[in-house]
Structure formats: structure tokens, C-alpha cells
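Here the protein sequences line up with chains A and B, keeping their order. Sequential numbering from 0 applies to the first sequence in numbering that gives the first Met the number 0. Sequential numbering from 0 applies to the second sequence in numbering that gives the first Met the number 0.
Hints are computed from structural coordinates only; laboratory data are not their basis. A hint or two may mislead.
[Stated by the list, open to error] Computed from the model, here is a short list of chain A residues facing chain B with C-beta under 10 Å:
1) Pro-68
2) Val-157
3) His-162
4) Tyr-252
5) Leu-279
[What the hints assert, rightly or not] Now the stretches of chain A that chain B is said to cover, found in silico as 3 or more residues with beta-carbon under 8 Å:
6) 131 to 140
7) 148 to 156
8) 234 to 245
Virtual Cβ for every residue (Gly too), placed ideally from N, Cα, C.
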Amino acid sequence: MSTLRRTSSLRRTQQRMAVLFTLPALAVYALFVLYPLGMSLWGSFFVWKGLRMVEFAGLSNFSRLFVFPSGARLYGALWHNTAWFFGIMLFQNGIGLLFAWLLFLRDRGAAFFQSVFFFPAVLSPVIVGALWRLLLAPGGVVEWALNGLGLHQGSLTVLGNSHTALAMLIAVDAWNWMGLPVLIYTAGLRQISGQIFEAAKLDGAGNARMLFSIALPLLMPALGTLTTLSFINTFNQFDIVYVMQGVQGNPSYSTDTLVTYFYRLAFGAEGAVGITDIGLALALGTVLFLILSIGTLMMLRFFDRRTVQL
Amino acid sequence: MSMLSLHRRAALGLIGGLAAACAGVFASLPARAADSTVTLWSWRTEDEAAMRRIFDAFEAKSPGIKVAIQFTPDADYQNRLSTALRGGRGPDIAQLKAYGELQPFVEAGYLDALDDSVPELKNMEDAALGGARGRADGKLYGVPYSVPMMGVFYNQDIFAAQGIEIPKTYKDFTAVCEKLKAAGITPIATGGANGSAWELEIAVGVVGPTVYGPGFYDEMMSGKATFEDQRYVAALKRFAELKPYFPDGFAGIDYTTATQQFIGGKAAMFLGGSFENGSFKAQNPKLKFSIFPFPADDAGAKLYTSAFSDGSYGLVSESQNKEAATKVLGFIASAEFAQMFADELGWPPARTDVTVKDPVLASMMEMAKNSTPYLTLVGFRWQSPTASSVLQSEIIDMVEGNIAPEKLAADMQAAVATWFKPKQ
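Full structure from sequences and hints, please.
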């Protein structure tokens, strides 16, 4: 009886100690994550003048968000983020998988190519954006190369064209982070037991069949991680647009994203159009928070169910 | 997509959502050592040396008052000022943007009205004062310093070498452009890619008044006309018509590149605002240039240009040092300041009682006599969405022919109609 009591009191002390040890982390988390999050949710229910909350507005910021003129910007940005996400899935994670598979099949020099692919990820998106802005400008290197190869004539204005600008930014973003899926997929492929591939080869499976029927299902955790990360990143897309097209997402809002729109509402746009609407910005922030949390949860569940255990 | 970037983006999001809420924390402390030191914040980092010389002259004749100027780059200035004011750590005197961008500070009660404390304001014209007026009470919340206007900067050496005179009519103007083009010189350097479309809005401000006329602003304000008016659409069309004379690859060229083409002598003309005067000179002291108003169809017509109040200096309500600060503001409102401002910076000062030495400035002040308010800024940049934000977004597509001028005008009208109430 007494031993039991002693162990239970010991356990209680241990629990108390555990709580005590997590307190500093909790305090930091509360101060820098929960408090600001709560404040911005709270602020989205107010009318703001300058930087002051003046009066309670109920849900009016939210209802304003979905109608003209804000609605057009919101749906436009939402569509651009979605297109961005699918673009990244295709051009970054898709091609990344292909590269990883090729590296896996031909082991020699894999580490070298991996670092080549990963190199742009070392650069800040701001530098990458500025770099590609120069390369893609009229009279830039890309124009010179395309004209030299006879693939294009005259000056290249892809970033000033509302039909092509978004695709260019997605491509630059994909280039920037290409190394990450290569890294993660290669690591995932190396974890799969070699016997499985050998068995498949004996059964007569080709390289493509092995990739799609064997490697891919086993790479589900890696794919899940990458998809979720890509989702969070594309819906928070800001820096590349900011550097390459400005916070208006020009031309004709064709590269506007939810966060550039948020930035304009909260801080005003470039070119001396510094009029802010913080209430609307915080409402948009809340919507973005909901999209991200619900989307992420759904994706995690989706990939969790599809993970194959061997 | 690295963790680093994730963290940074999370931080960005947090700051974004919350800068407003916990803003005061980030404000930096201005020095407030002695009572006689007046702190002044400005975004004109490029004018630092000139401003210092101007205030040195003030300090020399005002013993006991020192002016400490702090500069913050334009892009961060509004945020820094509003966070500081909210936290009660602002300067004594703040440089203020004009018109709509001034109002949040007035509405939030951060500034003192200056109508009584700075009597020199009465010597300024309404074109200068309009930008510093509180919208609700009509009081003056700042001492304006400049009334820039817009026009066609031209390279005098190129014009002389090609035997070109300043064009008198729009027809002459296009003939000049054709001649320059034939000689292998880009006629007009302009560009608004990569987030610098504000320059294209200014270019519309250069061309616009010659098409829609000086009375159009009042008609817009009273609700008699809208952006969909044929005259405004015609102004947009005229701007789009100039495309053949813009640099090759216009849609991909930004403001910096366009100014470099003009400064470097590759392009003969540049559509711009008065503030380019000092910066062109600083970047290429050898460049011989001047300015003329964009011509109208009719040779005899008075040529109108867009003018606006650039900004002002205001007294922060929470200043502990109001007496000295008011003296500094009195100096900024004086003819002496206007003279030094004109000499040092080469922009049209807020007061017209100055002796002008710089010939470019003289041409600009001559042009400013026939001015009409810069429509999109003075009239329609009070609330979001502004006419400017729509114009800046869609104008490249309009010049490129992807959007009809009528559509752009309709979009501008629809945007401002959400908040603009005409004064009958």
C-alpha cells in the first residue's frame, strides 16, 4: 500500500515537473503565436481608422470581403493560389519525383546532382526573384538565348503580360525549391528495401512500372509531406510576387495572391497608394487561417489513410 | 520550402496580422535629449544632405533649437510612422503624405491643426494646401513644401542634334517621335513593369489634362462627369496611341530602366513629375534637359498640366516640445525655406514668392501656372479601392491592347463608386 502511494506521489511530482519544464516554451508560444492569433481574430470584428480599433463591427468585415470590390480580388487571388499549388505539384514535386527516380536508378554521381538541384534552395526567394526578374527582362539573358535559338523573336515581355506572368512566377518558384522534393523522394526511395525492387524486376516489371506501382505507393508519406508543405507555402506565397511584380500582383492583378492582397489591405500598396483597411485585412487573415488549417488537416488525413505499410 | 522559409513565412504572417495590434513595441525611440531638440521624420532619404543644409541655416539663426532629422525609406515610412504614433513614440514633426494618405492620422487624432499656430500658411496657394487639409473639418494639419507638376522631360542635346523644336501640337509631337524613331532613338522612355506602374499613372497625368481640359476635375468632383466620360476615355486612348514611341519591350520595362534610358541619352523624352529634376541631375550632371507641357490638338490652346501637393510637415499631438516644433514649422512655411528648397532640390516650392535660378525649375513653375489637380491623386485616392490602384493594375494591358480604354475607365469608375460621394 505504502509503496503504491509512494510511486503515485512520485508520478505526480514527475507530472508536475513536466508541466513546469514546458511552461517557458508554452509562455513563448502563447505570447508569440496564440496572443497575436487571438488579437488578429478579435481585430477582424472591428472598424479600424488608421491603426486604431474604433468600433465593433460584428461580421461586417467578413461580409465586405466577399462582395464587390473586395470579392473580385479575393476570388482572383484564391484562384491564383490554387493554380500555383497545382503548378508546384506538377512542375516541382512531379519533376522532382522523376529526377529522384533517375538518381535512384543510377546511383553514381547522385550526391553531386542532388546538390546541384538543391543549390537554388540556398538562395532567398527575394534573391531568386530579383535574379529571374533580370534574366526575364527585355534585353535579358533569356531573351538573348531564345532569340539565338530561333524560338522567339523581338523583346521578351513575359512578366509584363497578364497571360504569362503567373506561369512565369510559378516556374521560378518551382526552380527555387526543386531540390527539396528530390532530396525527400531520394531519401524515401533509399528506405524501401532493395528486395522489393529485385522481386519486381524478376517478375518482369520495367522502370516505369516499378516507379508507379511499387515506389509511389511506398512513397506516400513523402508525397504527403511534400503536398502539405507545398499547400502551406503556395497559399502563403508572397515574396516572389513582391519582388518580381510588386504588391499589386500586376499586370491586371494577374499574379495577385491572398497574401499580397492582405499586404495591400494592411500596409497599403506601392506607388503611394497607402490607404489601408486593417479590419478587412484581418478578416482576410482569418479566412486564410481557416483555409490553411482545414486544408492541412484534410491533407494529413488523406495521406495517412493511403500510407502503405509493409 | 525549407523549414527556414516556413518559419520566416509564419513570422511574416504573424507580423502581418498583428503589426497593428502590438505595434508600439517595434517603434524606435527618437532622441529627446534636450527640450530644444526637435525631432523630424522624413521619407526623402535622397534629400538628406540638402535638408541638413536647410536646417543648419535655420539653427544658425534660432539659438536654442536643434533639428534632428531621421530618414526612413519611403516603402517603410508610413508603417514606421503609424506604429510609432500609436505607441506614443513619434517624432515632434512628421513629414506627411498628402490627401487620402493623411486622413488616417488626422482621424486617429495624432496631429494638431496648424491654422492658428502657423500664420505663414495664409501665404500659400490652395494647390499646395489642399493636400494637408483634414477631410472632415477642413483644418490644415501640415505645412506643405512642394507643388510638383507633370510634363515631358526632353534631352536638349538630342533635340538640337536632330533639329527638333518643342512641338506645339499633338500632330507635331507624333511627327517629332517619328523623326526620332527614324534616327534610331527611342522617342519616349516609360515603363511600369515589376510594380512600378505608378510611373504610368503619372504619364497619364502628363497627357490627360491636354485632352479632358482644366474644368474636368470640378465636373468629376461634383458628379457631373465620371471616369466613363468620353473625355477621360479619350485621354486614356491618347496615352495608348503613344505605344509605338515607347521603348522596345515596353510591357517588361520598369521605372528604373526607363529613367536610365533617358538619363543615359538613349531615349529623347520622359513623361514624369517635377521630382525627377533633382534626381536626373544627380545621376548624370552632364545631361542637358528641360521640360515642356504635353501639347494639345489645337496650336493656340493653353496647355494644362496636372499638379498636386506632394506632402507636408505636421505637428504630432503628443510632442513634448511643441513650442520649438511650431517655430520649426513656421520656418518651413516661410519664404526663406521655399527659396532654399527651390535652390537645393529644384522642385517647385509650395510658395511662389521665390527667385528661381534653375532654368528647368523656371520652366516647371511657368507650366504650373496652367495647372489642374492631378485627378487620380487629388480627387480619388481617399479610400480603397482607389482609382489609382485600378489604373496602375490595368494600364499595361490597356497599352498592349488586351483591355479597351472603355473597360479600364469603367473599372475605375466602379471601384471609386463604392465610396466616392460627389459634392453637389
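Hint-by-hint comparison with the structure:
1. Because the smallest distance between the Cβ of Pro-68(A) and any Cβ of chain B comes to about 5 Å, under 10 Å, the interface hint for this residue holds.
2. Taking 10 Å as the C-beta contact cut-off toward chain B, the hint placing Val-157(A) at the interface holds, the least distance being around 7 Å.
3. With 10 Å as the threshold, the beta carbon of His-162(A) comes within range of chain B, its nearest partner Cβ sitting at about 8 Å, so the hint holds.
4. Because the closest C-beta pair between Tyr-252(A) and chain B is about 5 Å apart, less than 10 Å, the hint holds.
5. The interface hint given for Leu-279(A) is met, as the beta carbon of that residue sits about 8 Å from the closest beta carbon of chain B, less than 10 Å.
6. Under a criterion of three residues with beta carbons nearer than 8 Å to beta carbons of chain B, the stated coverage of the region 131 to 140 of chain A is upheld, 5 such residues being counted.
7. Counting residues of the region 148 to 156 of chain A whose CB lies closer than 8 Å to any CB of chain B gives 4, so the stated coverage by that chain holds, three being the minimum.
8. With 6 residues having a Cβ less than 8 Å from any Cβ of chain B, the region 234 to 245 of chain A passes the three-residue criterion, so the hint holds.
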